[in-house]
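Modelling step: build the complete structure from the supplied sequences, incorporating the hints.
There are 4 protein chains.
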Amino acid sequence: MKILVTGFDPFGGESTNPALEAVEQLPATISGATIVKLEIPTIFNRCAEVVRAAIVREHPDVVLSVGQAGGRAALTPELVAINLSDGRIPDNAGQQPVDQPIQTNGETAYFTQLPVKAMVAAIRAAGLPSTVSTTAGTYVCNHIMYQVQYLRATEFPELHAGFMHIPFLPSQVTERPNVPSMSLTDDVRGITAAITAIVQQTE
Amino acid sequence: MKILVTGFDPFGGESTNPALEAVEQLPATISGATIVKLEIPTIFNRCAEVVRAAIVREHPDVVLSVGQAGGRAALTPELVAINLSDGRIPDNAGQQPVDQPIQTNGETAYFTQLPVKAMVAAIRAAGLPSTVSTTAGTYVCNHIMYQVQYLRATEFPELHAGFMHIPFLPSQVTERPNVPSMSLTDDVRGITAAITAIVQQTE
Amino acid sequence: MKILVTGFDPFGGESTNPALEAVEQLPATISGATIVKLEIPTIFNRCAEVVRAAIVREHPDVVLSVGQAGGRAALTPELVAINLSDGRIPDNAGQQPVDQPIQTNGETAYFTQLPVKAMVAAIRAAGLPSTVSTTAGTYVCNHIMYQVQYLRATEFPELHAGFMHIPFLPSQVTERPNVPSMSLTDDVRGITAAITAIVQQTE
Amino acid sequence: MKILVTGFDPFGGESTNPALEAVEQLPATISGATIVKLEIPTIFNRCAEVVRAAIVREHPDVVLSVGQAGGRAALTPELVAINLSDGRIPDNAGQQPVDQPIQTNGETAYFTQLPVKAMVAAIRAAGLPSTVSTTAGTYVCNHIMYQVQYLRATEFPELHAGFMHIPFLPSQVTERPNVPSMSLTDDVRGITAAITAIVQQTE
Chain S
-15 MKILVTGFDP FGGESTNPAL EAVEQLPATI SGATIVKLEI PTIFNRCAEV
35 VRAAIVREHP DVVLSVGQAG GRAALTPELV AINLSDGRIP DNAGQQPVDQ
85 PIQTNGETAY FTQLPVKAMV AAIRAAGLPS TVSTTAGTYV CNHIMYQVQY
135 LRATEFPELH AGFMHIPFLP SQVTERPNVP SMSLTDDVRG ITAAITAIVQ
185 QTE
Chain W
-15 MKILVTGFDP FGGESTNPAL EAVEQLPATI SGATIVKLEI PTIFNRCAEV
35 VRAAIVREHP DVVLSVGQAG GRAALTPELV AINLSDGRIP DNAGQQPVDQ
85 PIQTNGETAY FTQLPVKAMV AAIRAAGLPS TVSTTAGTYV CNHIMYQVQY
135 LRATEFPELH AGFMHIPFLP SQVTERPNVP SMSLTDDVRG ITAAITAIVQ
185 QTE
Chain F
-15 MKILVTGFDP FGGESTNPAL EAVEQLPATI SGATIVKLEI PTIFNRCAEV
35 VRAAIVREHP DVVLSVGQAG GRAALTPELV AINLSDGRIP DNAGQQPVDQ
85 PIQTNGETAY FTQLPVKAMV AAIRAAGLPS TVSTTAGTYV CNHIMYQVQY
135 LRATEFPELH AGFMHIPFLP SQVTERPNVP SMSLTDDVRG ITAAITAIVQ
185 QTE
Chain P
-15 MKILVTGFDP FGGESTNPAL EAVEQLPATI SGATIVKLEI PTIFNRCAEV
35 VRAAIVREHP DVVLSVGQAG GRAALTPELV AINLSDGRIP DNAGQQPVDQ
85 PIQTNGETAY FTQLPVKAMV AAIRAAGLPS TVSTTAGTYV CNHIMYQVQY
135 LRATEFPELH AGFMHIPFLP SQVTERPNVP SMSLTDDVRG ITAAITAIVQ
185 QTE
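Protein chains in written order, with this note's numbering: chain S, -15 to 187; chain W, -15 to 187; chain F, -15 to 187; chain P, -15 to 187.
Treat the hints loosely; a few may be bogus.
Since copy identity is lost for identical chains, a pair holds within one copy or between any two.
[Claimed, not checked] With a straight-line Cα cutoff of 20 angstroms, these simulated EDC-like cross-link-like pairs (lysine to aspartate or glutamate) come out: (1) LYS101 with GLU8; (2) LYS101 with GLU91; (3) LYS21 with ASP70; (4) LYS21 with ASP83; (5) LYS21 with GLU42; (6) LYS101 with ASP83; (7) LYS101 with GLU159; (8) LYS101 with ASP70; (9) LYS(-14) with ASP45; (10) LYS21 with GLU5; (11) LYS(-14) with ASP70; (12) LYS101 with GLU139; (13) LYS101 with GLU5; (14) LYS(-14) with GLU(-2); (15) LYS(-14) with GLU139; (16) LYS101 with GLU33.
Bear in mind the hints are in silico, worked out from the structure with no lab data behind them.
Following this line, the structure appears as structure tokens:
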């Protein structure tokens, strides 16, 4: 099995993106599955082109995208992506869509094919907080999750795909004492545990 | 310089206490200061006797007590201890004082001698969230902080002493996805940074 | 214009449901629109039958359902309902669906027809906190929002429909000092402001 | 019995102060006690002079000061005031003390004489969230609470005095959907309930 794991580059004035850092530190194989790591730009549509090219090149069985959800305290696999973009801040190319469908002929929403409850259970078994999230928001995280589902619906029907949000790193909240964070080591452990669950359920 | 660092044993139904685990993992010396580690019981008064015995035995220059503050997201050096105990749950010996002074002839409160702002700055410089706290509560954490100050006032006038609260470990909040936590590794890094600041300011 | 406003009866061990109480206190007309109030049971499917019967009987132009979202601090119009029920607790009839589609032949999700951003702006102009929510959860609130959309898709194409979550009442959190709440008076003011925005945008 | 109730004027860029508004709406008598209302400036030391003048003029039995604690969700009678001022923002006269004792010959801290637990119970019985707070911070709220206690210790030994924090008003958080608030009506009800408890316990 081959799993493509994507991480966004930094955005919103942050100098780092825990998603990208965590993805880069994943091992080369997890539970026998080959892990292919991919940095994607925090840019609407462009990020989807980069993922599509990697799908064409790598033929992964699974795409797991990882993104930062500042303010959350737990690792949160996402259940569903919706066909709407609505940015509070511009992306890294200056685009800021408002109430815009992602694909005019796409479904209103797509559920993930990933076993989100099993992923949560595996993360908790690794000693880390986790819960299923029912919203990936309306920014680039929801966008890429939706776009990969749209690619699945239109081009790659065998693909299993999904998204996982991770908290801020401690270094991002040094002066915000009430904002939860998670260490990079734990991000890596948690994503690894989630991928193990994906491998077990997908085989 | 010698620094006595204390950690409470588990309480309140938790099977672990991050304070104790973190203290046990501290290095033997920090910035040239000798670190003496001490497990103390989560029992009113008894914990103070254990610390007093260690002070008599070890002659530390500094006592830093560490305790868990479930729900906090940051490492929080405490500014002040108050002369009151009021437990919502019994301690590990079944005692549950209600609105009780800790020392009938003690001060209403004692400020720490530790450089709390420098400690916060050092923790932040280590990439971890921190802020000064102005309340250690009314349970055993405030109790031991007060008791060590009382020992200072009555027996060991040269002593510098204080308290630092640390968050839950991730493993304590696996099913509480909104409750912040901090990894043990970061606890150890943060306490080490704080002690470095103590050494620099106290010399 | 006629607006059907629904409120759930109490559930989850609470003796009251702010949604129902607020709905009952709405005026008979708002901005010229007739307000029809409807109590619905906190029971999967049964609640939808009750709403359908009221739609058949009353021929409303708009259905606005109101429900409690314990823990939220603001009035939150919902953007989207998803085709999934997953209850952490049983409903008032003891049903507890797990990962169950609401309608096997329904869309994956439906967006509301209500002007959620205008509703938020109107609520804020009334001096109350509000934001658009992108998840109504997976319990009865999402269920009724989805079901009314499904009725629209299959039977009542002219209908505009949506959902708004409101916080706990203060009386529900007297001993939970960190949980936000909102007064019934403000619930009523906020829902009224939201309905005013609906009337203005729908005419 | 006569109770002097003080409220601060607005500060920190806010155009309103719920404390002052709530105090102004209190009834003239509560449980037979005469309520004397006093606006005080959000200025270190100057606020204490204004309270002292009112004590000299009015001879109250009790002084209850009320202030805003933005971010809290409940009404929180304060247990203790500490002899330290440390402002993150300047007061309304531009003063910003850093780590400064309030009275060089004052106690480290003073406990309130008010029955904080009975106040909490009375507020909860009125259907509102409340808990005892063990820190009034290090800004003007702690300052005035400390200063009135110092006046008691040095000039007015018969006085009973204390402080209560109240949340933001809803109108202060319209665009901060995660920040809790409380309506002015409920502030007034809660303060009234707390004063009723004070009257009953003090007689």
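Worksheet item: Against which earlier hints does the structure fall short, listed by number upward?
Response: 1, 2, 3, 4, 11, 12, 13, 14, 16
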